[in-house]
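Chains as they are written, first to last, in the numbering used here: chain A, 1204 to 1699; chain B, 19 to 175.
Simulated from the structure, these hints should not be mistaken for laboratory data.
Every residue, glycine too, gets a C-beta built ideally from N, C-alpha and C.
None of the hints are false.
Covered, in the sense of this in silico footprint (three residues per stretch, anywhere, with C-beta under 8 Å from a C-beta of chain B), are these stretches of chain A: (1) 1342 to 1352; (2) 1366 to 1374.
Residues of chain B clear of chain A, computed beta-carbon distances all greater than 12 Å: (3) F22; (4) L23; (5) G24; (6) Y26; (7) W29; (8) I30; (9) F33; (10) T73; (11) G74; (12) T76; (13) I79; (14) L80; (15) G124.
The calculated label-pair distances, taken between Cβ atoms and stated as ranges, are: (16) A:K1310 with B:I49: 20 to 28 Å; (17) A:V1663 with B:E159: 30 to 38 Å; (18) A:E1262 with B:I79: 24 to 32 Å; (19) B:V154 with A:E1652: 35 to 43 Å; (20) B:V154 with A:Q1308: 15 to 23 Å; (21) B:I139 with A:I1659: 42 to 50 Å; (22) B:E167 with A:L1263: 45 to 53 Å; (23) A:K1304 with B:A77: 52 to 60 Å; (24) A:A1497 with B:I49: 32 to 40 Å.
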Amino acid sequence: MIEQLPVLVIVIPLMAAPLFILIGNRKLVLLLTQLVCWTVFGIAVTLLSRMQDGPISYELGGWPSPYGIVYTVDYLSSFVMLFVSGLGAIVITYAPQSIKKEVHQSKHTLFYASYLLCMTGLLGMCITGDLFNVFVFLEISSLSSYALISLGKTRRAPLAALHYLIIGTVGATFFLIGIGLLYQMTGTLNMADIAARIQPIDHSRTLLVAFAFMTVGLFIKMAVFPLHTWLPNAYTYAPSVVTCFIAATATKVSVYAFIRLIYVIFTPQFAFERLPLDQALMAFSLVGIFVASAAAIYQTNIKRLLAYSSVAQIGYMLLGISMSNVGGLTAGITHMFNHALIKGGLFMVVGCFALRIGSVKLDDLRGAGKTMPLTSFAWVVGGLGLIGLPMTAGFVSKWLLLTSALSLGLWPVAVLMLLSSLLAVVYIWRVVEILYFSPPSHLAQSAKEAPMAMLIPTYVVIGSTIVFGCWTVYSAGIAHAAAQSLLGISQAGGVQ
Amino acid sequence: MTEFLGLYNYWIVIFLMMTGFYIVIARENLIKTIIGLNIFQTSVFLLYITMGKVTGGTAPILKGSHGGESHGGETHGAENHGAEHGQELIAAAEGHLDSGVDAVVGVYSNPIPSVLMLTAIVVGIATTALALALVVRIREEYGTIEEDEILEMDRNS
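Let the sequences and hints guide you as you build the complete structure.
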């Protein structure tokens, strides 16, 4: 049983989804979905706790490694799976009341099934060691997230979903073209096998083209500035619960796939020395951080504000990856985790406002600090994390990034990072001011505090940003181990 | 020049890819955009299938145990498709021999790209179905499928 765990992470939610549509009973399906999500989270915890004994390799159907599909569980993949499944579980625990208000009743079972499929896809992208499998899981998660986004109440939701679908499909197809060219050159789809065969043909033009296609495809999925245009609308018009889950996990899993692409399949030497990808990444991330943060300041819709902030935060992760040393990579991976918690938590706060006030426009939230004190306080705590104040999770990753930048002598990058944090102060403070120091709007005046069933999960996530701000053994510690093993693998590849 | 024209199948792929991509970018009509997306995806199917095809090759069917002959046939068939390609096929053929497959009928095309494309076709159908469903909903809400008109309506509301 225990050695089957890597495949159960995928099989359980994948099988559950169609089964739940057949069951069709809303309440039962909700309970079962929560059960499945927590089970998957339990498996992810177990897998991570077994990492001290070295990475696990699971051969599907008993087919040996380069021929069959392999699932690889190492520090990095189990860490990403942990927070994807963890946030998936906690968001679905928080979800029922919000879904009841924002999604039509007839769609509930379909909603839960799509939610599980989306989670399956994201977990699958983490665990699989087969490149074509990554594409398939990418499409599973993307297709279900298009469907989830289109369930939003406003009429703009289907349009936002369709835009995301078109751009997302172009991105995924780019990724597929890249896989095809790589397969043409190496004759294998197994990531470790490709990595071993890639060295002698390092200088081939086909390889460059493959790398370019895959990078751009993943950039679209990550919403790297300037390929982020799908993200603000998708996050804004999706139901609150969907935004919580997708904002917290989807883009990070693409960042994870990108890390695998650079550090496991192609080597950092290929990406950063033969190609100037590190400077390009740095430029894209810094411009993205500033433009998106500045755009966030001017938003009048709190969901859109957070969406632009997400685009900016992806920049910090890429900045860490572009440094290509253990420090920078640790910072990037830690920020994936921390930002998943912070952004998940903040969107959960927004979900509480949406439930009680019925609007996410800043004008309607005026004065909500008086009628919804607990929810508003959660915003303040989560916001401090986003800014990166000491004792919060955001501080840990930004500190790691800063020290890493300084150790490489990248003074301008360090200065720009600090400046960009000031922009975050502006957009977070703008909301705080509206919540606490404005005369209440009539919607906020009549609002009640959010129900405990939603507040408790929100506070668990928001509270954990404080916990992981003070105690970093299980966030930065694991990220450090993951970064070391990634760079270790690529060094071993260089010796060959 | 012959090398240039000899790879005509890749030129077809590139032509279709760019056509599809252009339609996706340039068209305002949502249905046309989806058609463009389909052409774009189809070009990738062709790319995969063309790289797996060996001239004169058939499906890889197991037959008895005379491994040596088939190996020779492999190299010969692959020459038609450029050196890189041949190497890859030899590697694939050797892989088969190592893993205990005795022999395969004469020259055969690599079946894996075709198999991969079956999956990609399924993904493509799912994407198109979802996109069309979304367009139906957009039409119900706005009464039009012209993107500029929809954006205009959103701006005014």
